[in-house]
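Enquirer: Listed in order, the protein sequences are those of chains A and B. Residue numbers for the first sequence follow the UniProt record's numbering, so the first one is 1 and each next one is one higher. Residue numbers for the second sequence follow the UniProt record's numbering, so the first one is 1 and each next one is one higher.
Be careful, since some hints might not be right.
Okay, derived cross-link-like pairs now, DSSO-like style, lysine-lysine, Cα gap no bigger than 30 Å in a straight line [as the list claims (entries may be wrong)]:
#: 1; chain 1: A; residue 1: K395; chain 2: A; residue 2: K470
#: 2; chain 1: B; residue 1: K73; chain 2: A; residue 2: K377
#: 3; chain 1: B; residue 1: K387; chain 2: A; residue 2: K151
#: 4; chain 1: A; residue 1: K284; chain 2: B; residue 2: K33
#: 5; chain 1: B; residue 1: K117; chain 2: A; residue 2: K162
#: 6; chain 1: B; residue 1: K151; chain 2: A; residue 2: K7
#: 7; chain 1: A; residue 1: K246; chain 2: A; residue 2: K284
#: 8; chain 1: B; residue 1: K387; chain 2: A; residue 2: K33
#: 9; chain 1: A; residue 1: K7; chain 2: B; residue 2: K384
#: 10; chain 1: B; residue 1: K36; chain 2: A; residue 2: K381
#: 11; chain 1: A; residue 1: K284; chain 2: A; residue 2: K399
#: 12; chain 1: B; residue 1: K173; chain 2: B; residue 2: K162
#: 13; chain 1: B; residue 1: K162; chain 2: A; residue 2: K384
#: 14; chain 1: A; residue 1: K73; chain 2: B; residue 2: K429
#: 15; chain 1: A; residue 1: K138; chain 2: B; residue 2: K371
#: 16; chain 1: B; residue 1: K419; chain 2: B; residue 2: K399
#: 17; chain 1: B; residue 1: K429; chain 2: B; residue 2: K470
#: 18; chain 1: B; residue 1: K377; chain 2: A; residue 2: K151
#: 19; chain 1: A; residue 1: K7; chain 2: A; residue 2: K23
#: 20; chain 1: A; residue 1: K138; chain 2: B; residue 2: K151
#: 21; chain 1: A; residue 1: K7; chain 2: B; residue 2: K377
#: 22; chain 1: A; residue 1: K173; chain 2: A; residue 2: K399
#: 23; chain 1: A; residue 1: K384; chain 2: A; residue 2: K173
#: 24; chain 1: B; residue 1: K274; chain 2: A; residue 2: K36
If you're looking for bench data, these hints aren't it; they were derived computationally from the structure.
Protein chains: 2
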Amino acid sequence: MIFSSLKLNKDEPIYIQVENHIKESIEKGMLQKGSKLPSTREVSSFLNISRNSVVVAYENLEIDGIIKSSRGKGTFVTIEASKPKNEFNIDWGTRINSYGSICESMDILKTELPWEKNMISFKSIAPEENLFDIEEFKRAFLDVISLEGNKILNYGYAKGYKPLLEYLMDYMKSKGINTEGKDILVTNGFTEGFDIIINTLTEPGDVIICENPTHNTAIKIMKAHGLDIIGVPMNEDGIDTKSLEKALENTSPKFAYIIPSYHNPTGIVMNGEKRQEVLNIFQKHSIPVIEDGFNEELLYTSSPVPSLASFCTDGNGVVYVGSLSKILFPGLRLGWMFGDRDLINTLESVKRARTIHSSFIDQGIFYHYMKSGAFDKYVKKVRKHYKDKYEFTLKQVNKHIPYESITGEGGLHIFIKLKGINAREVLQKCYEKGVVFTPGDIFYTDGGGEDTFRIGFSRVSEEDIEKGIKVIGEVINSIKNL
Amino acid sequence: MIFSSLKLNKDEPIYIQVENHIKESIEKGMLQKGSKLPSTREVSSFLNISRNSVVVAYENLEIDGIIKSSRGKGTFVTIEASKPKNEFNIDWGTRINSYGSICESMDILKTELPWEKNMISFKSIAPEENLFDIEEFKRAFLDVISLEGNKILNYGYAKGYKPLLEYLMDYMKSKGINTEGKDILVTNGFTEGFDIIINTLTEPGDVIICENPTHNTAIKIMKAHGLDIIGVPMNEDGIDTKSLEKALENTSPKFAYIIPSYHNPTGIVMNGEKRQEVLNIFQKHSIPVIEDGFNEELLYTSSPVPSLASFCTDGNGVVYVGSLSKILFPGLRLGWMFGDRDLINTLESVKRARTIHSSFIDQGIFYHYMKSGAFDKYVKKVRKHYKDKYEFTLKQVNKHIPYESITGEGGLHIFIKLKGINAREVLQKCYEKGVVFTPGDIFYTDGGGEDTFRIGFSRVSEEDIEKGIKVIGEVINSIKNL
């Protein structure tokens, strides 16, 4: 009520005080152009004054062109509030801490060459959205609304939507993982899950061990948190176990971060024997493992390769971070963390302190979509689709690009190493010809990889794959022949 | 391919090597019960051996009961993979850092008395979900799907869904705020917005100034980040400006955190004059202000009280954190930050490093819901609804509770101070009688407020409000008369 702050005095006529109060309120910005004034009846009752005083005040203000009454609608302020000019400036740039600066300087969307219209872009490893079955998505939406009603739109629980949690637990079990003593926390994708773990388990200066190269977002998060990254070189079958053993002799990392399937960026799938070996090494040194379940669902061999978590038949040494974002509905930003029940219990509180919980309507849709069998059907379809695209891309690369080595066993991308040619030089020239890809150096923990790059083919048509790879090959050959 | 790791030797018969490889793969957990084996044709072609060797190997394994062929379906493993028992244990409890421990120890869902079925609970200040117009929500969902198609389900942008960003910018402008040089970032509610700001602008040990009492989630986030909180006492019209001036003489806070409307927990609405005064004080000391726009939309006076941000007519000293979570669809977890363009640009990168972006389908639904006019209609409806409930609650409190003072001018809650009676003692006794509320001490930055409590009435029926308040009054009287 705009008159709450009016203290009436006995020296001036009441109507003048009411008039002045409204003028001052406008001047102070408390009443704005278009604001509706309370009715004369309301004001007289609120201030306990005669209604006539208010009527007179309003009439005078209307004559002055300050307010205007409109029959049946009310009385409105007609002049612009001329708030005192108030220039309150803060030099925000000097106030950003190192975390903020690193997040910004390592934000590849701001630092890398942008994709432009009509370009052929091999940058993305997001799924091809045309494969999404939107009718099934709509059905899942209507199912959850009809089942849960309005309450799905109110606050939920930090851990996640209960039917989804149960579904995911069964899903982990179906991967041959022992779920006893374990729990699940739904997160906003892998990124939030990994960031929550880092926030909860590390201090600046702590050491983390991972593959080199590795997922650039993980590198960004670790660097932003001031962590010391030890990247262990990879062979064609995954992390080099001898180098790993050696690295562990000299350091005590807080944990290991490993991507066993369709490793980003190399595309390598670690075989089961190697997974067991790698897990044994970490276990021997008591280094917990954060397993990135990235694209595991795309594995299209006849027998699934068990996750690292499944080799940990008893015990809680592995935390599995799952996400379907590279396959299904990444726009929903849903993922999950699976691990030791007490640890998840703490992470749940951390999640609550960061985002309260992930969108419950999205979790509901996701659950109904998965449960209905639409997901199984969809996975079968996209495995075939991406496998064909992978084989087509590989053929084009073999035909056009003079590489030193190539890795990637399927999934959504392949990784190419050139013979002593700088991939950023290639990229710059390709960019001028309308073709872009991801330079490999952003995936390296030690500034290496300048002769590598990643080709993401998931969203590129076969026609464009052929054209684009040809351009890349021509550029490389032109540099070689200089 | 399960045979990738098989290196054939020349000493043993091929079929024996194939047999042993499958047995070993099962033993090592690389083939699980139910796994499908590749066809004999695939194996012979992959290993470049005669198909007959594979057929013999498969037959022998079937005789041993290890695999089973099913005509037209394929060959499957029938025995349980007996993975080596592997007990890999980590003592996670000792690995949680102080951030994680504080998030957990200040998680009121874990530390406070739980709500139980059939209890009357005044704990929540979430909106009454039965007021949500679910048909409009469905319509908004179908609108966004039909307009955007599958691409709304793929990755989006960290800053937010563009039409929503534009809508929110106009919305800020309609509040009389100068939007020049400003930008908006969509967040997962107030909580993420505030946490992102803290993450980006502070270091442990930094000082933040705020009202005392204040929003308990904000206190939790600040403490978890190791910040030093200076809580300034409040009067019945908001923060005490003399105490504020004094506090600023002795400290240089990184920023101020202020809740001008329906302050949580006191329910006080700062009037416009006071807002101008408070802003002037911070400006004089060059202390930027984080304004929590909490429940501003519920202000049901005839003339809106302008936000702190609107008094900053020029300059970038105020960051406004908006959220509709206490009014509309909190389960979606959507909010926004409005402030200096360069600052938002950095915060956008931080957001990308934390959750990539907020759910795009949710942002799309939200935008279509707001734009259609459904929001305006809804706000009018709930203002009336909550105003009536507020007045009813107030009447019951005045009738039954012997308080020292009471604050709260509407909104979704009121705040009560008793005369030297411990609110936790009252709570314990009320709990035994099936009534719960929020003890006030959790909102205090300095351990005070032991004689205060918050009554959230938004989700309680009038019948239960009457019953519940009566119980609280009786308990207080019984303690007084001891």
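Enquirer: Each hint: holds or not?
Expert: Status of the hints after comparison with the structure:
no.	hint	verdict
1	A/K395 to A/K470	holds (11 Å)
2	B/K73 to A/K377	holds (17 Å)
3	B/K387 to A/K151	holds (22 Å)
4	A/K284 to B/K33	holds (28 Å)
5	B/K117 to A/K162	holds (18 Å)
6	B/K151 to A/K7	violated (58 Å)
7	A/K246 to A/K284	holds (13 Å)
8	B/K387 to A/K33	holds (26 Å)
9	A/K7 to B/K384	holds (28 Å)
10	B/K36 to A/K381	holds (18 Å)
11	A/K284 to A/K399	violated (45 Å)
12	B/K173 to B/K162	holds (17 Å)
13	B/K162 to A/K384	violated (34 Å)
14	A/K73 to B/K429	violated (51 Å)
15	A/K138 to B/K371	holds (21 Å)
16	B/K419 to B/K399	holds (16 Å)
17	B/K429 to B/K470	holds (13 Å)
18	B/K377 to A/K151	holds (20 Å)
19	A/K7 to A/K23	holds (15 Å)
20	A/K138 to B/K151	holds (14 Å)
21	A/K7 to B/K377	violated (35 Å)
22	A/K173 to A/K399	violated (43 Å)
23	A/K384 to A/K173	holds (25 Å)
24	B/K274 to A/K36	holds (21 Å)
Of the numbered hints stated above, those contradicted by the structure are hints 6, 11, 13, 14, 21 and 22, listed in ascending order.
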